[in-house]
Amino acid sequence: MGDMLPIFWPIVVAEHPPEHLPMSYSTTRMIRKISHRLGFRRDWHLLVAAVIIGLLMALVATLFIAPLRWAEGAGDALANSPLFWLYILLVPAIGGLLVGLVRAVIRAPHVGPGVTTIIYGVRRQRGRIRFKVAVQQWINSSLTIASGGSAGAEGPIATIGGVMGSNGGRMLHSSTQSTTTLLGCGAAAGIAAVFNAPIAGIFFVMEILLRDFSLRTFTPIVISSVVAAAATQGILHDEAIFELGDGFTEQEGPFHIASLPLYLLLGVLCGLAAVTFIQCLTMTTKWFDRLAIPTLLKPACGGLLLGCIGLPFVLLAGMDELPSFYGNGYSTITGLLDPALYGTQEEGALSNGAGLLALVLLATFILKLIGTSLTIGSGGAGGLFAPSLLIGASVGALVGIGVESMGWLPNGTPAQFALVGMAAVVAATTHAPLTAILIVYELTRSYDVIMPLMFAAVVSTLLARWLCRDSIYSAKLRAAGLHSGSMSDLTILRKMTVADLTIKKTTTISSTETAARLLELTEQSGAMDFVVTDEEGDYAGMVTAEDLKAALVYREAIPLLQVNELQRNNMPTVTPDEPLDMVLQKFSRCDSESLAVLNENNHTILGMVTRSQLMRRYQSALDQDD
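Each residue of the sequence shown is one higher than the last, beginning at 3 in the numbering used here.
Note that these hints are calculated values from the structure, not bench results.
The hints are all genuine.
Straight line, CA to CA, 25 Å or less: simulated DSS-like cross-link-like pairs of lysine-lysine:
{"#": "1", "residue 1": "K551", "residue 2": "K507"}
{"#": "2", "residue 1": "K507", "residue 2": "K588"}
{"#": "3", "residue 1": "K551", "residue 2": "K506"}
{"#": "4", "residue 1": "K588", "residue 2": "K506"}
{"#": "5", "residue 1": "K551", "residue 2": "K588"}
{"#": "6", "residue 1": "K497", "residue 2": "K588"}
Have a look at the derived ranges for each label pair, beta carbon to beta carbon:
{"#": "7", "residue 1": "K507", "residue 2": "D291", "range": "48 to 54 Å"}
{"#": "8", "residue 1": "D291", "residue 2": "A342", "range": "41 to 47 Å"}
{"#": "9", "residue 1": "A342", "residue 2": "L85", "range": "31 to 37 Å"}
Computed from a predicted model, the values in this text were never measured in an experiment.
Quick reminder that beta carbons are idealized off the backbone N, C-alpha and C, glycines included.
Start from the sequences, fold in the hints, and give me the full structure.
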């Protein structure tokens with residue numbers, strides 16, 4: 003971690019500028035002034051750190067991608083070699099063995115697949131994640147994907163970026179909130195750099211990792227993501243990852259009111275596919291957890307099982323290339339997004355061997371699902387985004403072929419259904435439709451199917467949440483004792499009012515009564531907080547348990563004290579229609595366990611609500627939503 007200090011040295015200098023650098027100091031003052039205008043009065047250096055993290059992650063992403071591309075090309079180059087079948091069978095197992103050895107040597111916390119470790123770090127470790135998590139993730143994910151393991155790059159690069167940002171925050175001695183924001187900057191920058199998708203990187207972090215859309219968090223993450231994407235494009239000169247075929251954008255607008263049932267069907271099927279994927283991965287993970295072999299050998303076992311599936315698939319299909327369910331599957335997805343694969347409109351779907359293509363797609367769907375479950379469930383490292391994309395493209399293409407064969411697709415192509423299916427499955431597996439919509443749009447740069455894409459993504463997410471309470475990330479988090487919840491957690495208190503709680507009858511006492519009477523009421527009713535009324539019976543204030551404890555220190559003076567000498571006149575009150583988020587804020591400003599509930603119109607006393615009632619209602623709502 004100490005090696006990273008020079009990277010953040012400009013921020014340290016900005017905090018304590020030397021006198022002999024007037025230019026740097028004036029620049030620093032200008033940056034600080036602008037930052038203050040944006041609301042960063044104390045943590046203005048976050049904006050500078052966001053730029054540095056974006057540039058750093060562009061370099062990291064370039065170094066991360068290069069060996070993976072080389073390994074993919076090397077695998078295809080062996081296609082005509084007599085050793086190709088050995089490569090298919092044994093290389094995933096060898097890669098898994100190396101993963102197990104690295105994990106044994108570099109002992110770093112591992113909560114679950116994809117970005118699960120980052121989510122856990124944000125919510126349980128105050129955004130502070132050890133640097134060796136990134137080292138282990140980088141090495142193991144590279145070994146897994148390069149050896150043919152069925153996984154993607156988005157989880158590892160988000161984890162690496164998140165750890166970089168987290169450790170940057172620690173070096174700057176930032177607050178927990180600022181450290182978490184920098185963690186988000188790193189994760190967003192990593193996604194933006196690898197996928198050339200800055201908007202998706204931003205919302206991936208905001209919707210899945212942090213679930214915080216405040217401007218103070220949003221601004222640095224936007225800066226970091228945009229800087230990383232721009233810098234990576236300058237290095238690699240990449241366009242969209244998935245280039246659409248020439249005929250894709252030539253099709254007439256695919257979304258009409260008559261098309262709604264077709265995309266509704268696609269959304270339902272993608273939701274079912276996503277739930278199947280989640281359940282298969284969960285069961286496979288549990289099976290490997292119970293498997294009575296050393297932990298370091300489990301990834302090798304998963305790789306060997308993957309090879310045992312891949313070898314007969316290649317031999318039976320007579321293929322001279324890696325199976326579509328090996329690696330990240332990007333080349334297969336690109337093929338499925340090319341309308342030429344499905345034949346021309348004049349030929350029709352079935353005239354171009356669509357029946358055989360449908361069988362291949364069905365096999366790809368099933369084997370990608372199993373292959374990813376074996377790879378990740380056994381302990382391999384990698385992301386779950388890319389497998390979800392291929393599963394969705396396969397399901398979408400299958401539906402598109404079926405629709406076209408029935409003559410229900412006069413102006414479109416099955417490739418459009420493949421694209422929509424990608425977003426629908428990603429949305430359903432992650433329970434994050436906004437991220438799925440944006441990332442698929444940025445991966446393809448196609449606006450032609452944005453409306454059906456949004457529709458199918460929402461349908462699939464609703465179905466998946468109804469059938470399965472956990473997303474593909476949250477099952478492991480729940481097993482680790484962490485309630486992941488959903489985006490609605492942030493506003494759930496705002497949607498409920500005091501009337502949703504059970505308003506308790508309160509024990510009132512007149513302000514002219516003696517303090518001794520308070521003690522009598524405490525013994526009779528067991529109450530510790532009392533509402534005080536004036537001579538007309540209206541609300542005057544409260545006496546809390548803390549006030550009683552303070553009075554008992556001078557017990558001999560209690561007979562001489564009146565209630566109005568103990569009461570608090572500035573205690574907040576609530577009304578039945580008041581949102582619970584406002585009630586929570588009022589509780590945070592006082593040390594009372596209870597607040598009085600008053601009628602909004604005539605201010606008569608209706609009862610009390612307690613802090614514990616509020617928290618129990620909140621937890622109950624979370625459980626229902628989950």
